[in-house]
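The task is to assemble the complex, starting from two chains supplied on their own in separate frames and drawing on the hints.
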Amino acid sequence: DAGVIQSPRHEVTEMGQEVTLRCKPISGHDYLFWYRQTMMRGLELLIYFNNNVPIDDSGMPEDRFSAKMPNASFSTLKIQPSEPRDSAVYFCASSFLGGTREDTQYFGPGTRLTVL
Amino acid sequence: DQQVKQNSPSLSVQEGRISILNCDYTNSMFDYFLWYKKYPAEGPTFLISISSIKDKNEDGRFTVFLNKSAKHLSLHIVPSQPGDSAVYFCAATKGGFGGNQFYFGTGTSLTVIP
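These protein sequence lines map, in sequence, to chains A and B.
To get our numbering, take the position in the first sequence, counting from 1, and add 1381.
To get our numbering, take the position in the second sequence, counting from 1, and add 26.
Bound-form chain B, shown alone (with noise of 0.2 Å):
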């Protein structure tokens, strides 16, 4: 069962504008969450996390909120820019030191237009 859902699989949005990027979980044990972005025929790279003792973590375009009590994340890139055209996965992890096994979303494909 999917653990983590990105339900939407693709998103275009216009240069300079904001992309906002979805992702829901149901395990209330997930503690750490990351987003992950792919390029074509590349592996996926990381680009932002966050703790569940937070709710909002930033660097630079790109911002991670997260709702505990909704069960929910999302990633916000302002401004958009063509370059952040890929696909962005969400992921999570438990407590623990015990692997860092992480559960992926199925990706959303966002597509910024010029």
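Looking at chain A on its own, in the form it has when it is part of the complex (with noise of 0.2 Å):
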């Protein structure tokens, strides 16, 4: 498997504009999980699904941010109008629940947003 796969890596944009970050979970994972990295809050959760649907989105910070999940294989998360201080690294990762504690979530790469 190709792991979570995170669109675009990088995305550098004007404070205002609407960004759109894209996720692909690993296939058959019925979880997906929005993670924002800073250096003061480290992981914080900003919203997860269970099979498309949302179950928490009490991490998200503002109404500027709205996440998706349109199917088992895709996932948006858009920040309209975007601000200098949501610049960070934004992660997708994705897991399995099959009824052990034993599971874990697998992380993408990464999308790192620079708002100027």
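Heads up, a few of these hints could be off.
Facing chain B, from chain A, some residues (calculated, C-beta under 7 Å) [unchecked claim]:
1. Met1396
2. Gly1423
3. Phe1472
4. Thr1485
5. Phe1488
6. Gly1489
7. Pro1490
8. Gly1491
Read the hints as simulated data drawn from the structure, not as lab findings.
The structure displayed is predicted, hence computed values, not measured ones.
Here a beta-carbon is modelled for each residue, glycine too, at the ideal position from N, C-alpha and C.
Encoded structure:
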């Protein structure tokens, strides 16, 4: 398997522009997570989905952030309008809860977002 | 509020010596703990985990210790190798199968000096 795929790897945009980050989870995984990595807060969970349904979006910082999962193989995280403080690395991760507690999350390579 | 804390942002160790990375948590409901390793420009990868029913789990050079009464866990790497230089994240999760939501610390950057 190719693992979790994220695109783009790098995104530079100007304040006020819309940004869309994309994620393809590992085939067969039923959970998908969006994280943001910052120096101050480490890996911060933004939202997660189970079987394409959003379960907990309490980590989404503001209404400017939205996420969708239209099918089992694709998810997007959108920021509109973007602000300089949104600059961070955004990770997507997926997992499969097969009934054991030994499950873990598999991360993509991340998207480094810079908002000027 | 940060429920999982890694108070040492960085650590330097000589090759061949022991590396000890520490992690504290505040939520007594956490029952499963993990360590992830992250190289630059890559996503975190799973390293080792421990259930709250154990106080030690070992995998090769990596051992995780859990002290539930102190709400503290540590990762020991023996012997440390230059390839171990990376950022290490501690994570914790609660019981049940309701989503596998992980709470991560801020990470510790380990440098192993040849």
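Evaluation of the provided hints:
Taken as an interface hint, Met1396(A) does not check out: its beta carbon lies about 25 Å from the nearest beta carbon of chain B, beyond 7 Å. Below 7 Å, beta-carbon pairs count as interface contacts, and Gly1423(A) has one with chain B at about 3 Å; its hint therefore holds. Restraint check, Phe1472(A) versus chain B: the minimum CB separation of about 6 Å is within 7 Å; hint holds. Nearest Cβ of chain B to the Cβ of Thr1485(A): about 4 Å, under the 7 Å cut. The hint holds.
Restraint check, Phe1488(A) versus chain B: the minimum CB separation of about 3 Å is within 7 Å; hint holds. For Gly1489(A), the interface hint holds, since its Cβ comes within 7 Å of a Cβ in chain B; the closest pair sits about 5 Å apart. About 5 Å separates the beta-carbon of Pro1490(A) from the nearest beta-carbon of chain B, less than 7 Å, and the hint is met. At a threshold of 7 Å, the smallest CB-CB gap from Gly1491(A) to chain B is about 6 Å, leaving the interface hint in force.
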